[in-house]
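J.: Chain residues, written in single-letter form:
6 protein chains.
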Amino acid sequence: MPNRTRIWAEVDYEKDGKQVAWLHLHHSVTRSAYGNIMIPVAVIKNGKGPSVMLTAGNHGDEYEGQIALCNFIREIDPGQIQGRIVVLPALNMPAALNGTRVSPLDQGNLNRLFPGDPDGTPTQQIAYYVDSVLLPMVEYWHDYHAGGSSLAYLPFASMRQSEDKRLNDRTMTALKAFGAPIGLVWQTSIDSRQSLGAGIRRDVVTLGGEFGGTGDVTIEGVRIIERGLRRELAHLGVMTAAPGETPAPATRLMEVRNKSYYVYAPEPGLFEPFTELSDNVKAGQPCGQVHFVDNPAREPVPCHFKTDGMVICKRHFGRVERGDCVVHLATDWKG
Amino acid sequence: MPNRTRIWAEVDYEKDGKQVAWLHLHHSVTRSAYGNIMIPVAVIKNGKGPSVMLTAGNHGDEYEGQIALCNFIREIDPGQIQGRIVVLPALNMPAALNGTRVSPLDQGNLNRLFPGDPDGTPTQQIAYYVDSVLLPMVEYWHDYHAGGSSLAYLPFASMRQSEDKRLNDRTMTALKAFGAPIGLVWQTSIDSRQSLGAGIRRDVVTLGGEFGGTGDVTIEGVRIIERGLRRELAHLGVMTAAPGETPAPATRLMEVRNKSYYVYAPEPGLFEPFTELSDNVKAGQPCGQVHFVDNPAREPVPCHFKTDGMVICKRHFGRVERGDCVVHLATDWKG
Amino acid sequence: MPNRTRIWAEVDYEKDGKQVAWLHLHHSVTRSAYGNIMIPVAVIKNGKGPSVMLTAGNHGDEYEGQIALCNFIREIDPGQIQGRIVVLPALNMPAALNGTRVSPLDQGNLNRLFPGDPDGTPTQQIAYYVDSVLLPMVEYWHDYHAGGSSLAYLPFASMRQSEDKRLNDRTMTALKAFGAPIGLVWQTSIDSRQSLGAGIRRDVVTLGGEFGGTGDVTIEGVRIIERGLRRELAHLGVMTAAPGETPAPATRLMEVRNKSYYVYAPEPGLFEPFTELSDNVKAGQPCGQVHFVDNPAREPVPCHFKTDGMVICKRHFGRVERGDCVVHLATDWKG
Amino acid sequence: MPNRTRIWAEVDYEKDGKQVAWLHLHHSVTRSAYGNIMIPVAVIKNGKGPSVMLTAGNHGDEYEGQIALCNFIREIDPGQIQGRIVVLPALNMPAALNGTRVSPLDQGNLNRLFPGDPDGTPTQQIAYYVDSVLLPMVEYWHDYHAGGSSLAYLPFASMRQSEDKRLNDRTMTALKAFGAPIGLVWQTSIDSRQSLGAGIRRDVVTLGGEFGGTGDVTIEGVRIIERGLRRELAHLGVMTAAPGETPAPATRLMEVRNKSYYVYAPEPGLFEPFTELSDNVKAGQPCGQVHFVDNPAREPVPCHFKTDGMVICKRHFGRVERGDCVVHLATDWKG
Amino acid sequence: MPNRTRIWAEVDYEKDGKQVAWLHLHHSVTRSAYGNIMIPVAVIKNGKGPSVMLTAGNHGDEYEGQIALCNFIREIDPGQIQGRIVVLPALNMPAALNGTRVSPLDQGNLNRLFPGDPDGTPTQQIAYYVDSVLLPMVEYWHDYHAGGSSLAYLPFASMRQSEDKRLNDRTMTALKAFGAPIGLVWQTSIDSRQSLGAGIRRDVVTLGGEFGGTGDVTIEGVRIIERGLRRELAHLGVMTAAPGETPAPATRLMEVRNKSYYVYAPEPGLFEPFTELSDNVKAGQPCGQVHFVDNPAREPVPCHFKTDGMVICKRHFGRVERGDCVVHLATDWKG
Amino acid sequence: MPNRTRIWAEVDYEKDGKQVAWLHLHHSVTRSAYGNIMIPVAVIKNGKGPSVMLTAGNHGDEYEGQIALCNFIREIDPGQIQGRIVVLPALNMPAALNGTRVSPLDQGNLNRLFPGDPDGTPTQQIAYYVDSVLLPMVEYWHDYHAGGSSLAYLPFASMRQSEDKRLNDRTMTALKAFGAPIGLVWQTSIDSRQSLGAGIRRDVVTLGGEFGGTGDVTIEGVRIIERGLRRELAHLGVMTAAPGETPAPATRLMEVRNKSYYVYAPEPGLFEPFTELSDNVKAGQPCGQVHFVDNPAREPVPCHFKTDGMVICKRHFGRVERGDCVVHLATDWKG
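Going down the list, the protein sequences come from chains A, B, C, D, E and F.
Using my numbering, count along the first sequence one by one with no gaps and you end on 335.
Using my numbering, count along the second sequence one by one with no gaps and you end on 335.
Using my numbering, count along the third sequence one by one with no gaps and you end on 335.
Using my numbering, count along the fourth sequence one by one with no gaps and you end on 335.
Using my numbering, count along the fifth sequence one by one with no gaps and you end on 335.
Using my numbering, count along the sixth sequence one by one with no gaps and you end on 335.
Incorrect hints may have been included.
Any copy, or any two copies together, can satisfy a pair, since identical chains are not distinguished.
Stated by the list, open to error - Simulated pairs of lysine-lysine, BS3-like, Cα-Cα distance not exceeding 27 angstroms:
#1 Lys48 with Lys334
#2 Lys282 with Lys165
#3 Lys306 with Lys48
#4 Lys48 with Lys176
#5 Lys15 with Lys259
#6 Lys18 with Lys259
#7 Lys15 with Lys306
#8 Lys176 with Lys306
#9 Lys176 with Lys15
#10 Lys15 with Lys334
#11 Lys18 with Lys165
#12 Lys334 with Lys18
#13 Lys18 with Lys306
In case anyone wonders, no lab produced these hints; they're calculated from the structure.
Build the full structure now, drawing on both the sequences and the hints.
T.: Rendered as structure tokens:
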């Protein structure tokens with residue numbers, strides 16, 4: 001069956017050199033009958049070598065990867081590489097310009113929509129293009145995330161384990177090569193429609209990672225990506241390591257094993273946390289409490305940790321609805 | 001002229017004991033013809049002594065004060081005090097429940113609306129009530145802020161200088177008694193319609209302060225307020241210092257002298273900061289740059305510091321419009 | 001000072017005969033640079049006699065008066081009257097077309113905006129026109145209401161007492177002449193900016209009344225207005241009583257004396273009422289309770305009557321916010 | 001094929017005792033990356049016996065069932081029953097909290113979305129969970145409705161006839177056991193995607209019913225459900241009849257046979273009805289007329305009944321669009 | 001498989017005479033539980049002859065066809081025709097009443113949604129009804145467009161070429177018979193889900209055309225449709241040519257061959273065009289430039305034509321987003 | 001009284017040379033606590049000579065002046081002038097970026113808000129700054145308009161007559177010097193709060209004019225402004241006429257005398273016009289008619305001209321509300 005995408009690219013993925021241009025996603029609306037959502041894409045290609053895809057802005061309010069990839073696109077010279085690098089620094093473009101996790105056009109969360117739909121909403125069309133056009137073109141994909149406006153994360157790179165041991169091994173090697181302070185292995189999967197799942201289904205070595213969060217731009221997060229990016233390209237043989245480049249620092253391998261690692265707000269209200277990022281906690285320990293500022297005489301309602309672990313993620317915004325994740329933990333990887 | 005407020009209180013401000021109830025702000029709309037915006041208020045009164053007003057939630061997305069005051073209301077026993085404490089932990093109630101700086105009902109920024117209007121929007125009516133009913137009742141007002149969703153602040157208590165030297169001296173003494181790590185004196189005033197200006201016009205010792213920011217709840221900010229609150233009440237003679245209470249830590253006095261302390265985004269886009277909170281910077285030093293993720297080939301546009309100082313405030317959200325304040329500085333107080 | 005209204009009328013208020021046309025309220029917006037809000041107005045005039053104003057649609061979601069007045073406009077023949085009748089069946093036109101209490105253009109509640117503002121929002125401009133152009137033209141004004149979407153009322157006509165005894169007496173006589181089942185005297189005033197207050201300030205005999213409610217069209221309410229309208233015009237000498245017309249039925253005079261007649265929702269949630277319209281209740285008796293359907297294990301929170309009386313008004317919609325009036329009472333008039 | 005729902009339950013459906021907790025519907029949005037829509041669910045189980053599902057809040061603005069089931073959850077003791085009762089008092093939770101028929105998240109009308117979609121919108125995911133997880137677990141389902149904000153109904157319980165005579169007989173017996181004043185048999189089906197159709201497809205005895213309407217909470221409707229609920233549980237053998245419990249009152253069986261029972265608004269405008277609930281009408285008789293308050297000189301446009309019958313349902317809101325159902329009729333059941 | 005549409009028609013398509021009525025599209029929402037979107041339809045039938053469908057309002061903001069078809073419906077007498085004419089003057093009714101390209105209910109662009117979905121959004125349901133109920137009924141379909149609010153067009157009738165030469169020939173003959181000044185053949189297809197594609201898949205002779213644009217009503221466009229409509233009905237043998245009717249004027253056949261005929265805005269901003277409709281341009285010639293009024297010191301960014309041709313379409317609105325089509329060209333048909 | 005504006009300018013109005021920068025209008029909202037609306041301003045000054053203000057974007061969807069002034073700012077060299085030119089190419093900046101007549105922040109129509117309010121909405125604050133800071137600085141103001149999205153205009157320059165004959169004469173001379181094809185004198189004033197009225201109150205020679213409309217950018221309109229601008233600056237002595245510059249073409253002086261020049265839509269619906277711009281019409285002649293596409297059997301409702309004249313303005317959008325101006329006329333100036 002021919003690919004059914006309606007998106008077309010201004011770039012030629014097979015051409016050597018550096019092209020920086022756009023994908024056209026036809027979007028016919030009242031303000032523009034022949035309008036297009038223009039998704040920036042860069043192709044840097046030189047000779048033979050692996051094909052690599054680097055993406056950011058899968059969630060629009062995660063910025064460190066967007067900045068690192070924009071810098072990379074401007075700075076990279078095709079002569080520095082062997083192979084092909086496809087870079088999409090603002091994958092869900094309408095969300096990235098809007099500074100929101102989801103697209104303002106269709107409320108679509110791109111990272112819950114793979115493998116997408118060529119006839120669907122704009123966000124579904126982007127997912128379909130990545131899944132059916134780009135993934136078959138590459139051997140390696142790193143999708144840089146940052147937790148989004150609502151979460152603060154200790155920065156880490158991440159992978160998911162598939163049923164294919166060889167793919168897992170190659171992915172673990174890449175995870176270590178990237179050299180983030182923490183390397184997280186997701187043993188529980190929130191949703192198979194995320195990028196990590198999509199890559200696995202296409203047999204592509206796929207890394208993720210959360211490099212900041214809260215809707216902020218962290219200097220540290222940008223730096224981790226920029227350094228890791230060069231190391232992973234060197235590891236793949238697409239670039240040669242810069243002279244004098246120090247080896248990747250050791251990565252602490254951790255994992256999220258199951259639902260008990262997550263704590264949820266027990267009531268709607270204003271959440272007061274009791275722990276900080278990187279705190280080690282015990283099952284049963286209080287995690288925080290919900291206040292009722294419209295009725296200050298009402299007692300706050302507490303919630304507790306269900307397992308031991310380290311606080312790797314905290315909710316950012318003070319106001320909560322019942323069921324919002326307020327903390328999740330990680331523990332050292334058991335291999 | 002009689003007070004023209006249309007707001008009425010369930011509490012009796014002259015009654016001894018602890019009352020926790022609501023102000024009724026009549027709000028007649030389609031979903032409720034005889035509806036009310038219910039603003040929580042607590043009055044704790046015992047014998048003779050000064051009258052003090054404590055407020056939070058002037059901006060709805062500033063939470064440390066809201067939590068500290070809710071805790072205070074539940075914990076305080078009238079027998080512990082001499083005088084009267086009026087506490088409004090969620091002053092702009094609709095904004096506080098909405099988790100936004102401004103009211104969702106009228107887009108009103110309460111801290112730009114004093115002295116208010118009894119016939120105006122809900123936010124203007126709240127300002128009028130504070131200004132015309134509550135301020136004449138008290139000698140001391142502390143309005144706890146936190147920077148709001150869009151700003152990260154080093155925590156500090158603050159005051160503004162008036163033309164009345166005696167009022168300034170009393171306010172400076174109170175500022176030191178509160179014992180925040182930093183005590184900021186605003187030499188330049190963004191707007192005379194803020195709470196600090198309103199208090200001065202009513203000859204009330206008035207403190208402010210930013211105890212966190214970014215829409216988060218910081219454990220440190222809650223703690224600074226909770227400790228400072230007891231110290232200021234002791235200073236005023238409303239409470240006696242707790243036995244074993246350590247003296248107020250030294251406060252570093254700083255100031256914001258003029259417009260040159262502020263740096264604004266030079267273009268709309270994605271802002272990458274180059275400095276962290278508490279960094280000391282020099283005039284002419286790069287402050288950050290704006291990226292264009294929809295057009296990654298376009299060079300980022302930088303902005304620079306216009307004076308020397310310490311970074312006391314940074315913009316939180318990555319996305320900026322031209323003219324958003326991205327950093328402001330403070331320098332040590334010159335007295 | 002000349003009248004500063006920017007509204008102009010297609011009708012000539014001094015011309016004999018029947019004119020049905022519009023007021024032009026200039027409203028210059030993106031979809032229409034030279035647009036107008038067109039407020040329907042009818043003038044029926046013949047010879048000499050009193051000038052009377054009849055209005056409905058002050059609140060857009062109160063329909064019985066709108067229907068009765070539209071029918072009246074089409075049916076009335078100028079030869080049947082002596083004097084002048086000015087009829088505005090949809091006073092806050094944008095609200096009436098939108099089926100909402102307040103205007104969709106400016107969220108204005110017309111009955112909280114008298115005497116209005118000629119340079120203000122559309123709703124303020126309407127208020128100004130009524131107050132400054134129409135009220136000085138008439139001796140009598142009946143403004144037919146119905147409680148609006150959020151309230152169910154036992155139907156009644158109403159008046160407010162002013163400090164002018166003569167005006168009060170004339171108004172009471174008119175109230176009885178109208179012949180509603182209940183005649184309500186407001187001893188407490190929610191807001192002086194209502195039509196009843198505006199009429200008093202202009203020394204005009206002014207009646208109101210709630211003839212239904214809940215956003216419904218009640219057959220009974222339309223009938224009460226249609227019959228009462230003819231009786232009040234006969235009473236004023238503008239029409240002669242129809243041959244065979246039965247005399248006005250006796251009106252039970254009641255009153256609302258103070259704030260204690262109102263019961264408010266104690267929490268946000270789903271309100272279950274315990275009483276029906278026309279029930280007689282006692283102070284302390286339970287009025288209803290608020291349920292929490294998102295958390296069914298939580299106990300409902302009750303509220304109680306604060307005084308004795310008859311239930312004349314109940315909240316209609318099940319969902320409540322804290323502070324919504326859920327019931328108000330009336331008691332027999334003490335004169 | 002394994003069940004593909006992404007919803008997980010905090011309750012264990014196989015455990016004896018009473019559990020009151022929530023379903024987690026993962027909803028990842030900007031304000032909460034790891035958020036959940038929390039749908040309240042109670043499981044009351046004891047020993048062996050039939051499995052029964054009771055639901056309300058399928059439409060968010062239908063309240064009598066929500067209240068009756070919240071009361072039931074708090075009051076029931078597992079020792080009182082034999083079997084299992086699964087109770088969801090607010091099935092379309094976001095709609096129930098919003099007081100609207102449809103979900104504010106996706107505009108989904110849950111009762112037009114069975115059998116749902118595990119990868120769809122939140123409302124589609126709820127429908128899928130009910131259809132694929134809960135319905136296979138039970139033999140009996142009563143889904144309590146109330147007409148919603150836009151309709152007023154004479155209260156009745158209802159069923160639909162399937163092609164399975166045995167299922168029809170069991171359902172008719174249950175309908176009579178419930179003991180509502182009216183028992184309605186839908187001979188015409190607006191939409192096969194409603195709960196009554198979903199139950200039939202799963203071979204579950206399924207009842208519905210409209211117990212009020214107009215967005216109000218009727219005391220009578222709550223009472224009919226509370227009494228009927230105990231009777232149907234006794235009928236099913238899940239509870240024993242309370243001592244002294246009176247037998248079910250006789251139910252008048254009625255039906256809606258075809259499209260001609262419905263009358264629609266002929267124009268957009270303000271609808272004035274000519275009949276009341278429970279009136280008996282004749283084909284050709286005027287049903288009401290549409291007024292044009294923006295143009296009072298225009299003649300109203302009438303509409304007429306197309307068949308004989310009793311008015312069992314009336315539109316509530318005065319404003320209509322062309323095609324809104326303004327009345328529908330029922331006639332006595334012909335068996 | 002039986003047709004699964006949920007839409008039902010008040011008209012009988014097989015009945016002789018003229019019927020003007022509505023399609024009922026059930027739309028159950030909070031404001032109307034049993035509401036319907038009422039789509040106007042006229043059936044004019046007399047004796048034997050071809051079946052023809054005429055539609056406008058596929059896009060709600062294209063008006064010339066809506067007016068021409070409303071006039072036609074009122075004026076046509078069944079005795080004037082042989083065969084059947086089905087007329088839908090406002091196909092996407094909610095969009096037509098809203099004056100927008102897409103439906104305000106679901107943001108659906110009807111002309112990107114064929115063949116539709118009977119269980120989908122309102123716009124998808126309309127597409128399904130046209131595709132599965134109406135198209136199988138007719139041999140000929142003319143769907144009159146006008147470019148919509150965002151585009152200005154030189155008026156033309158149009159067709160698309162299919163793989164069926166015979167169908168192409170019949171369509172070309174009809175195109176000439178209609179007699180528009182220009183007859184456009186689309187050699188490149190934006191989207192196979194448009195009406196021209198839907199007609200081809202159903203083996204129906206299908207014409208389109210853009211008869212104005214910019215959201216305006218052009219007198220010339222209405223006239224071209226009204227004259228062409230009579231000529232095409234005469235051509236098909238449904239009407240006889242009016243006595244004295246002049247023959248169809250010659251049509252200039254043109255085509256749009258490929259993507260290079262389109263020019264897109266290179267940046268968001270304010271677009272200044274350099275050419276007018278009907279200008280002949282050369283590849284490389286400047287087409288216009290984007291200004292930045294928020295930053296007037298910034299140089300405008302130009303765009304250029306990529307091929308030779310005549311300007312047949314220009315963007316109307318000054319403000320552009322990157323990727324908006326600002327001009328497209330046509331060239332003479334090469335057959 | 002000191003000027004109370006809260007806006008501050010980056011430019012120094014007294015400095016020689018060319019400055020292109022921004023006004024800061026403080027706008028403190030949730031997304032930016034210390035945000036600013038940045039209004040572009042250019043000051044070109046050299047030696048002694050008159051002070052002139054040129055503005056566009058008073059209405060955001062009027063573009064010809066915005067483009068002409070942006071071009072002028074970039075092209076002008078201070079050495080070319082004698083005196084001072086203050087240029088604001090996007091006066092209501094938020095509206096200009098939004099492409100709407102009114103501001104998206106407060107729905108403010110700047111040209112109905114002079115003299116503004118320093119404590120009001122953003123649009124009122126802009127009006128106050130223009131009125132109180134800029135107007136006192138200049139002798140001449142040309143405010144370029146274009147009719148906005150909803151109107152199509154024959155291009156003209158315009159003035160209003162004040163009670164000051166000398167000011168009128170100077171203004172008429174300037175009007176002729178500008179050299180537009182038509183020079184319009186407003187004898188009737190829609191609103192005294194427009195720029196023409198504000199200029200007169202400040203004794204400033206003030207011109208307006210509509211140079212296009214419909215939300216389009218007309219090449220002709222840009223050209224008329226660009227040529228006229230140089231001619232008016234030469235006329236004022238700020239620039240010397242370019243060598244070889246042709247004299248101003250003759251201007252046809254016309255006027256709008258009273259309300260009868262305007263025709264309004266008689267019903268809501270779809271308006272079909274019967275005349276084109278520049279047509280000469282007679283009183284009583286049909287102007288157009290309103291169609292009802294939701295009910296095609298209903299007869300269209302016509303409207304007629306009330307006086308003789310030339311069509312100088314037509315409504316652009318097809319959809320109308322009752323009271324929208326659909327045409328207005330002008331007649332030759334009677335002096």
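J.: Which hint numbers does the structure go against, in order from smallest to largest?
T.: 1, 2, 3, 8, 9, 10, 11 and 12
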